[in-house]
Amino acid sequence: MKLKKKIPVIDQGNKLGFWGGKFGGNFVPETLKKPIEDLENLFNKLKKDKKFIAERDKYFKNWIGTPTRFIKLENLTKYVGGAQIWSKVVSDANGGAHKIYNATVHCLLAKRSGKKIICGDTGAGYAGKMLSMAAKKFGLKCKIFMGAKDIERQQPNVRAMKKNGAEVIPVYSGSQTLVDAVSECMRFWVANCDTTAMCVGSTVGPAVFVRICGWSTSQISRELKVQLIDEFGSIPKKLKLYNCVGGGSSSFGFWNEFMDYDKKQCEFIGVEAGGPAKSKRHAAPLTYGSKIGILHGAAQYVNQNSDGQIEETESISAGLDYPGISPLHCFLKDTKRARYTAVSDEEALKAYKLVTKYEKLRPSLEPSHAFSVAIREAKKMSKNTIVVVNSCGDAYKDKKILKNRLGKKYA
Amino acid sequence: MLNPIDLAFKKAKKENRPALLTYTVAGDSTKNQSLLILNAISKYADILELGVPHNTPVADGSQIQTSAYRAIKNGIKIEDIFWIVKKYKKKKNSKPIILMGYYNMIFQYGEKKFLEKCKKVGVNGLIVVDLPWPENKSFTKKCEKKSIYLVQLLSPTTSKERLNKIIKDSHAMNYFISMLSTTGGKLKVSPKKIMTNYSKIKKINPKKNVVIGFGITEKSIKSLKKADGLVVGSAICKEISVSIQKRQNPVTNVANLVKKLKYKIL
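Residue numbers (this note's numbering), protein chains in the order written: chain A, 14 to 424; chain B, 336 to 601.
In case anyone wonders, no lab produced these hints; they're calculated from the structure. Please read these numbers as outputs of a predicted model, since none were measured by experiment. Mixed in with the good hints there might be a few duds.
Derived DSSO-like pairs (lysine-lysine); straight-line CA-CA distance at most 30 Å [unchecked claim]: (1) Lys304(A) to Lys472(B); (2) Lys47(A) to Lys537(B); (3) Lys412(B) to Lys291(A); (4) Lys542(B) to Lys47(A); (5) Lys454(B) to Lys304(A); (6) Lys477(B) to Lys47(A); (7) Lys154(A) to Lys477(B); (8) Lys17(A) to Lys481(B); (9) Lys175(A) to Lys521(B); (10) Lys447(B) to Lys35(A); (11) Lys452(B) to Lys35(A); (12) Lys573(B) to Lys162(A); (13) Lys454(B) to Lys35(A); (14) Lys481(B) to Lys35(A); (15) Lys47(A) to Lys538(B); (16) Lys47(A) to Lys452(B); (17) Lys412(B) to Lys162(A); (18) Lys472(B) to Lys28(A); (19) Lys503(B) to Lys47(A); (20) Lys238(A) to Lys60(A); (21) Lys162(A) to Lys408(B).
So these bits of chain B aren't anywhere near chain A, every CB distance computed over 12 Å [what the hints assert, rightly or not]: (22) Ser397; (23) Pro469; (24) Lys476; (25) Thr587.
Glycine is no exception: its CB is placed at the ideal position from the N, C-alpha and C atoms.
The whole structure should be built from the sequences, with the hints applied where relevant.
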């Protein structure tokens, strides 16, 4: 299995949509074949269309707000005493997380295809919140599917979705989290694909959704590349990019523009959710060697039992609480371009405490996972190593959990 | 040698009626009970579809989901499903069995091993909901070698060109999804419209049997009786759920329902 240079990774799949010949694909009910093919044709055409790209960039710039900040975490760097620690503050983006890029592109595509309704899934509530914002902006009706357990633990985002006029549909089946929300959203699309567009909230799902999402979030690394050159004159000799990985949309977008650099120069480190320290359950299929299986239309490493039933996950962070992982990351893992590891709920909380103690930055529980590993590893690195952590979400949504786990002071 | 599925259609045609296909979830609500249900409905149904429960079913509505979660919760494993088929097939005058499920279960078991096991216990056909054409081309050939039919699904969204290609590669039985819906949705298209779509499909190759499924109930079944076969699934799963709720015997209730369905199409 080999990663090709000079071809965007999203376009390195084969005719049937498999990366490395085995990750991804389109394991979908017959009814969805046609709408998926239509979406593929539309996307393939528009991603080469200069006018469409200009339109996308206009909304990215004026509405989402680009570029998001690239800042040095001076105090944290001093405290850790190793590599320079920087952060790409993607949570600056309108709405407070990277999910806005994918949501905006899906709404632009929906408009072009003449659809009046858009449906989407959400875990932490960011994908849903952003889709509801974008739908409102572009005049589309919006339906968001969200696990009942996630609705309970991510109330601020639920309120935001409702405020934007979206219908939030609680999902009570299975574990009542993201995995069930995606299933229910796909079921809704099966029954309504003639009138409704679907937005999958991460780089997961049938191949075209993986591609659209990766194409959208790549805005993050496009900005970062310019910012690095502005700051250092060139891409640093030792660059380490840390990002949390749930479905994998922010990390893929954070890395994409650096794909062709040698990994000795630009290393990618993906941090999965290891779950509570005392629990056997986790959301880290890459770290813990889960087998390949099919989930939500794509072949990927996924937590499952020997019969092929998808296993329940556990993580403090709703945004990472997913049993599978993007086919793109499976591909990056097996081609050894990226390195993956996991941290526990407790370690993520500890990192959150440290970051907020030393910096004016409040990363949500998802990027706190990435900070945990970055801080640990930066200690042992030289001063000329540039560590960049994608702070892809804001902790506002985690208020309730932070208050429960760390006390009022941190909420 | 003819696949018993062909014989079932032949028999129904001789009696000038569509074949009646039932769908129940293997292990709903327990391994033994689902075997008893198969035995009890065997007298009225022509082909028995047996669902392999999966916990992320992207094409099933709430009734079948409920049945599947119930079966999984009660501990059903894939080996138990083969056990059910094997036991059922030992019965005199048993009907053809089609296993219906999602690809991951087959993928984890191993395609080859799965088909060998199917052959051994007497499975006659397979429906794999999320392995559409052309992704299923090589699996179709593997099924052929074991004389097992892989039933292709056709949908109202399937283009004419695609229909031609799928039917060309298909075995002797295809499954037309009546409308844009997950299983068990309310029939939102008129039976007349469904039959028009059905006829278009049938014309492509009249020799291949086409069954209609999704949203068929006691109420609507009669209006579709010109088809080669009709599948009732969610209505049966619902009957099981209701029986359990009312503390009645699901086996007798389901048998009565299937009996009624059969009379509607005679």
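Hint check results:
1. Lys304(A) to Lys472(B): Since the Cα atoms of Lys304(A) and Lys472(B) sit roughly 24 Å apart, the hinted pair holds (cutoff 30 Å).
2. Lys47(A) to Lys537(B): holds, 20 Å
3. Lys412(B) to Lys291(A): Holds. Lys412(B) to Lys291(A) sits at ~28 Å (cutoff 30 Å).
4. Lys542(B) to Lys47(A): holds, 26 Å
5. Lys454(B) to Lys304(A): holds, 27 Å
6. Lys477(B) to Lys47(A): holds, 26 Å
7. Lys154(A) to Lys477(B): Answer violated: Lys154(A) to Lys477(B) is near 45 Å, above 30 Å.
8. Lys17(A) to Lys481(B): violated, 40 Å
9. Lys175(A) to Lys521(B): holds, 28 Å
10. Lys447(B) to Lys35(A): holds, 18 Å
11. Lys452(B) to Lys35(A): holds, 25 Å
12. Lys573(B) to Lys162(A): holds, 26 Å
13. Lys454(B) to Lys35(A): holds, 28 Å
14. Lys481(B) to Lys35(A): holds, 26 Å
15. Lys47(A) to Lys538(B): Between Lys47(A) and Lys538(B) the Cα gap is close to 21 Å, so the pair holds against 30 Å.
16. Lys47(A) to Lys452(B): violated, 34 Å
17. Lys412(B) to Lys162(A): Within the cut-off at roughly 27 Å; holds.
18. Lys472(B) to Lys28(A): Roughly 14 Å separates the two Cα atoms, so the pair holds.
19. Lys503(B) to Lys47(A): holds, 19 Å
20. Lys238(A) to Lys60(A): holds, 21 Å
21. Lys162(A) to Lys408(B): holds, 19 Å
22. Ser397: Check fails; 8 Å does not lie beyond 12 Å.
23. Pro469: It is violated; Pro469(B) is separated from chain A by about 8 Å at its closest Cβ, not greater than 12 Å.
24. Lys476: holds, 16 Å
25. Thr587: Its Cβ never comes within 12 Å of chain A, the nearest being 29 Å, so this holds.
In this structure, the hints that do not hold are numbers 7, 8, 16, 22, 23, in rising order.
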